[in-house]
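K.L.:
Got chain A sorted already, so can you dock chain B onto it with the hints?
The listed protein sequences correspond, in order, to chains A and B. Once you know that position 304 of the first sequence is 304 in our numbering, the rest is easy, because the numbers rise by one and skip nothing. Once you know that position 113 of the second sequence is 113 in our numbering, the rest is easy, because the numbers rise by one and skip nothing.
These aren't lab readings, by the way, just hints derived from the structure by calculation. Please note that the accuracy of each hint is not assured.
Covered by chain A, per the in silico footprint, the following chain B stretches (three or more residues, Cβ under 8 Å) [to be verified]:
| # | stretch |
| --- | --- |
| 1 | 40 to 54 |
| 2 | 92 to 98 |
| 3 | 106 to 116 |
| 4 | 134 to 147 |
| 5 | 284 to 293 |
| 6 | 297 to 303 |
| 7 | 307 to 319 |
Source: prediction; values computed, not measured. No residue lacks a Cβ here, since even glycine has one placed at the ideal position from N, Cα and C.
2 protein chains.
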Amino acid sequence: MRIEVVAVGTELLLGQIADTNSAWLGEHLAASGIDSHFHQAVGDNHARIVLALRTALARSDGVIVCGGLGPTQDDITREAIAEVMNVPIDRDESLIGAIRTVFSARNREMPESNLRQADVPRGATPIPQVMGTAPGLICTVGNKVVYAVPGVPYEMAEMFERAILPDLLARSGEKATIVSRVVRVWGMSESGLADLLAPRIEALDAMGGNPTIAFLASGIEGIKVRITAKASDREQADALLETEQRQVLALIGDSVFSADDRSMEEAVADALVAAGLTLGIAESLTGGLVASRLVEVEGASNWFKGSIVSYASEVKRSLLGVPDGPVVSDAAVLAMASNARTVLGSDIGMALSGVAGPTEQDGKPPGTVFVGLALPGEDAQAVELHLPGDRQRVRQYATISALDLLRRRLTARSTTTTWS
Amino acid sequence: MRIEVVAVGTELLLGQIADTNSAWLGEHLAASGIDSHFHQAVGDNHARIVLALRTALARSDGVIVCGGLGPTQDDITREAIAEVMNVPIDRDESLIGAIRTVFSARNREMPESNLRQADVPRGATPIPQVMGTAPGLICTVGNKVVYAVPGVPYEMAEMFERAILPDLLARSGEKATIVSRVVRVWGMSESGLADLLAPRIEALDAMGGNPTIAFLASGIEGIKVRITAKASDREQADALLETEQRQVLALIGDSVFSADDRSMEEAVADALVAAGLTLGIAESLTGGLVASRLVEVEGASNWFKGSIVSYASEVKRSLLGVPDGPVVSDAAVLAMASNARTVLGSDIGMALSGVAGPTEQDGKPPGTVFVGLALPGEDAQAVELHLPGDRQRVRQYATISALDLLRRRLTARSTTTTWS
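For reference, chain A alone in the conformation it holds in the complex:
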């Protein structure tokens, strides 16, 4: 069964609000094994809503239309559906009573305009509201179906789960469960990963395409590899996923920073907690970005001491003992990493210094970044990176690259193999 989502509202087309409803519905339809091949957004215009609904019904088995069920003149989804059904509209007395009750419960008089929310295309089944005032609709059109839900996200979600999904599953006869897992990767290009996974993807296709592997380049967040399995119950779907995930992890190796859709900073946090070590940072070009990502992890205060954002060179020298000479250098980040440990009282010191751009510094081109790492019982080490992009991207890449270097060093120190 294929369901198309149609979001109604001129504000969506103008980019004034983001259409989170379509994404939510897409996710929840997929999780129930219902395909959604197209989404549309359309403004508050009768002819265009009618056209969007007819387009959707022509290429899908049903439509969920979100929004345009309010009490204002702009809310014309009911009328558009009636035209598509080719039926008149009736005002439903029992719905008027329900809407009046919502207002009286709030000690308010029902405005005249709310009467429109009791309008029902003849032959449609209203979905009672339990949160707001706009009832939903289930409308049969030939052998297809149009569901109308309010645009308010929590009203939409509640109505979808209570009334639409059961109706949809009954119509589709679908019994399968669909589950997916996301593996996250840093340090490979999308095309490199594609080449690596291509034989496995082809093999799965040849075996009937279950599970499937898809990947999504997520810029400075690396690449997400999603494995999706379909089976008659959750347990079987999980078993399929488990087997496939093991193969994918083995293929990609240590460029995987999370096997379960966690962020790089969470991966670093896990590695620090496992090692029982605390972290202090000295950062220059990233200006606090590394620290600000780390504190997003709940419980960061257990392993994160702080960061010296030594943006000015004199701060590097006075607080972190950086020797005379260029501050974008091995020598600078080695001093910064070692002294960050002392100044912040941490087990590990990590340091970043580099050229964000747009102009060169100390004869080094934009994108040149040094990362220093001082781990207990080891000599401090420095790594030189050359990163692409403008000022902001160099910073973002420097941040995630440094975190990944730390993660790899901690993983290499540990005797347990992470992905076995």
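P.N.:
Frame of chain A, contents of chain B only:
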């Protein structure tokens, strides 16, 4: 001229990522006077992309298709456009050279799969890339047009502004010049601002709707008020804008932090440069976020010294002399702000300490934030804020609120009136 946006990517239909591109394009098309009556999202499937493009071309004058231009097997937008144009695909040698150059600049070999990005439907004009590897396309289909852009948001935006918008305006024969300015506001609710501007918006409507005023709540970035004027030439449009902007600025007052769509950190930078003062920060709950926003401003090294991210309480005491007692307090941020000046050698010290959540700290509920400001020749001052939201939003609100407090203090010190 009516342009439909078609976003390509199965991950959009599955709700794995939100489609921010369509909203961005809708906003920027509208700002240039180009209507967008429908948006569509479609998965990575040849027949369905073709159908989505044909549907869009049937009901609009042109299409901007986003995504599906990458190097992987999933990226099939080029092939779908070729089918809609009914032409074969040629591999463009000069594009191969450009892609190879991107890889060699990163000291990497170009994977074989990237050759696909040099494929061009015959008769289409490539839009050269300046940031990544995927070229865009301008494809004439009968008397209509299909523009293809990469799905990576900043690559899409850059290509839209550099190549697509000029081409669109040339095709539309739009002779009028449409110019807009964005005034940015912090410290007012959307409904408060709506009430304030309603009489002015009604007056403009009554006078023919030129210029127009629209606003867009942008969460932690405040509210954007866009004034758009249309005239036969740039000079007249600018004159209309200038007059209207003056009225809007006078109505809103000092909640305006930028009259020309600059960010809060740029507004702070302007105020610091005008005052000839340098800034040093001590931050706790924001974990480097304040510093990382400030260094995004070009030339930050002229006025920004650095930040002590004192996440652990012992770092607050050892480096910043915070006295015994609760670290979420007036006393703590006053010490942090004053000592940040000394430690970092700056004219101004700003400090933040607070409870990001999810649990309370020192008996203070999540959202409690203290901001300290130490300006030269003045007693240090502390302000207590109560901010809404989860951990991440409390941090973001704390950051922009602190920057806004500094901006207002610097503006109040200055004798020149900023918006006259």
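K.L.:
Please list, smallest to largest, the hint numbers that this structure does not respect.
P.N.:
2, 4
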